[in-house]
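Chains as they are written, first to last, in UniProt numbering: chain A, 1 to 236; chain B, 1 to 236.
A portion of the hints provided could be inaccurate.
The list treats identical chains as one, so a pair stands whether inside a single copy or across any two.
[To be verified] For lysine-lysine, the following DSSO-like pairs were computed, each having C-alpha atoms within a straight-line distance of at most 30 Å: (1) Lys-52 to Lys-217; (2) Lys-169 to Lys-52; (3) Lys-52 to Lys-103; (4) Lys-40 to Lys-151; (5) Lys-53 to Lys-13; (6) Lys-151 to Lys-13; (7) Lys-25 to Lys-115; (8) Lys-169 to Lys-31; (9) Lys-193 to Lys-169; (10) Lys-13 to Lys-40; (11) Lys-151 to Lys-53; (12) Lys-193 to Lys-143; (13) Lys-151 to Lys-45; (14) Lys-115 to Lys-193; (15) Lys-217 to Lys-169; (16) Lys-72 to Lys-103; (17) Lys-40 to Lys-143; (18) Lys-25 to Lys-169; (19) Lys-103 to Lys-53; (20) Lys-103 to Lys-115; (21) Lys-193 to Lys-45; (22) Lys-3 to Lys-143; (23) Lys-72 to Lys-53.
Treat the hints as calculated values from the structure; they're not laboratory data.
These numbers come from a predicted model, not from an experiment.
The residues making up each chain are set out below.
2 protein chains.
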Amino acid sequence: MLKYQQIATEIEKYIEDHALQQGDKLPVLEKLMAQFDVSKSTITKSLDLLEKKGVVFQVRGSGIFVRRHKRKGYISLLSNQGFKKDLEEFTITTEVIELNVIKPSEEVALNLNIKADDDVYSVKRVRYINGQTLCLEESFYNKAIITYLNKEIVSESIFHYIREGLGLKVGFSDLYLHVDMLTEEEAGYLGLKQGMPKLYVETVFHLTNGQPFDFSKITYNYEQSQFVIQADSHFL
Amino acid sequence: MLKYQQIATEIEKYIEDHALQQGDKLPVLEKLMAQFDVSKSTITKSLDLLEKKGVVFQVRGSGIFVRRHKRKGYISLLSNQGFKKDLEEFTITTEVIELNVIKPSEEVALNLNIKADDDVYSVKRVRYINGQTLCLEESFYNKAIITYLNKEIVSESIFHYIREGLGLKVGFSDLYLHVDMLTEEEAGYLGLKQGMPKLYVETVFHLTNGQPFDFSKITYNYEQSQFVIQADSHFL
């Protein structure tokens, strides 16, 4: 972790420890520099990172303010960290249904930008929140990039393993969402009835070099899931 | 519009005109500087803006690449522009159901950070896509900020009016989503059956100074709507 990332984490902790609310003003730059004992350029980079993450907003000539949405228990759709962090007050568990090496379907090959005879890891899991079904997840990993998975790894956070175990850098992702009715199979896994509502999310995750490595399809139990997005306006 | 914003728009047009696809490489910095006749600092700011908007991604030591999700007809949940731009191949029309000045409910007052005896504009509309219902929208505007609305304005793009007519600067927004079943009233407006699935989105829009000015609740017709989010990883 670079210095400015570390300081950003500390400022986030400061906001949490002081229970600062949306609109509360942070100390001025000079104070922050002194408090964390860093240069102006470092503190500026830390604040820019926190602005991108939706933790603060900066008003020119006026200061730096806390940005914090007010609702608890919402899953962030913009976080690439998986939802463990959003739901840390809850117990999240995982049941692994399948883990195989397969040849990709046309859909998977297209989304991962690979050929029909390349290998992919296919992982099917059900995630639980406090013992209730949260979602059914089917993920396909390009085996040329994610070279090794086993049952133990996919029982825990796969992304943690990808970062720490494989040392890969996760970059941007494209999410496609729609709402529909549960199929019989999905309803079975989620313990709901066929025809009930679902949120269905397809995500293509890319490395920082732009290569897609994970195509994932998640079907959420609508009774257990709610979502938050913190959006910025870059269009003015 | 500032110079770098203008150049960013021109680079976007260049990508579109040349039908560049995800992963295609842009000309190197020096070429872009010459092509658009601007300084290095301007072109760098333009590219940073385009990266924030999800139009390009930059790979250190390797270049600038086009980032473009592959699916058409998806509504961007991160755009504060309204969905007219995402759906420009479709005909979007609006039916105004209600336009009133009212006192806010507790929920509205909380989300707009105003008092119970402040005034809000309450706007209820149904939006149509190619003649089919797309969504039911109920929005509440803090009248101290959005000082004037009339039926003509709310028949068109309210955000366009807020920017161009009132000269306000729209900043960040917080979106809260969940999936549920349509109530009888919602089903009536959308021409669907009670109990069918819906995506329900609440959004709090803020000015760049952090002041919330619009609290909006949208219920989407699941048969006519699909969504895209382009996410970045700021967590590494």
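Quick rundown of the hints versus the structure:
no., hint, result
1, Lys-52 to Lys-217, "both (26 Å within a copy, 25 Å between copies)"
2, Lys-169 to Lys-52, "both (18 Å within a copy, 18 Å between copies)"
3, Lys-52 to Lys-103, "neither (38 Å within a copy, 35 Å between copies)"
4, Lys-40 to Lys-151, "neither (47 Å within a copy, 50 Å between copies)"
5, Lys-53 to Lys-13, "both (14 Å within a copy, 28 Å between copies)"
6, Lys-151 to Lys-13, "neither (34 Å within a copy, 47 Å between copies)"
7, Lys-25 to Lys-115, "between (52 Å within a copy, 22 Å between copies)"
8, Lys-169 to Lys-31, "between (33 Å within a copy, 29 Å between copies)"
9, Lys-193 to Lys-169, "neither (39 Å within a copy, 46 Å between copies)"
10, Lys-13 to Lys-40, "within (20 Å within a copy, 37 Å between copies)"
11, Lys-151 to Lys-53, "neither (32 Å within a copy, 38 Å between copies)"
12, Lys-193 to Lys-143, "neither (35 Å within a copy, 45 Å between copies)"
13, Lys-151 to Lys-45, "neither (39 Å within a copy, 45 Å between copies)"
14, Lys-115 to Lys-193, "neither (37 Å within a copy, 43 Å between copies)"
15, Lys-217 to Lys-169, "within (21 Å within a copy, 37 Å between copies)"
16, Lys-72 to Lys-103, "between (41 Å within a copy, 27 Å between copies)"
17, Lys-40 to Lys-143, "neither (43 Å within a copy, 40 Å between copies)"
18, Lys-25 to Lys-169, "between (33 Å within a copy, 20 Å between copies)"
19, Lys-103 to Lys-53, "neither (37 Å within a copy, 34 Å between copies)"
20, Lys-103 to Lys-115, "within (9 Å within a copy, 60 Å between copies)"
21, Lys-193 to Lys-45, "neither (49 Å within a copy, 51 Å between copies)"
22, Lys-3 to Lys-143, "neither (33 Å within a copy, 44 Å between copies)"
23, Lys-72 to Lys-53, "both (17 Å within a copy, 27 Å between copies)"
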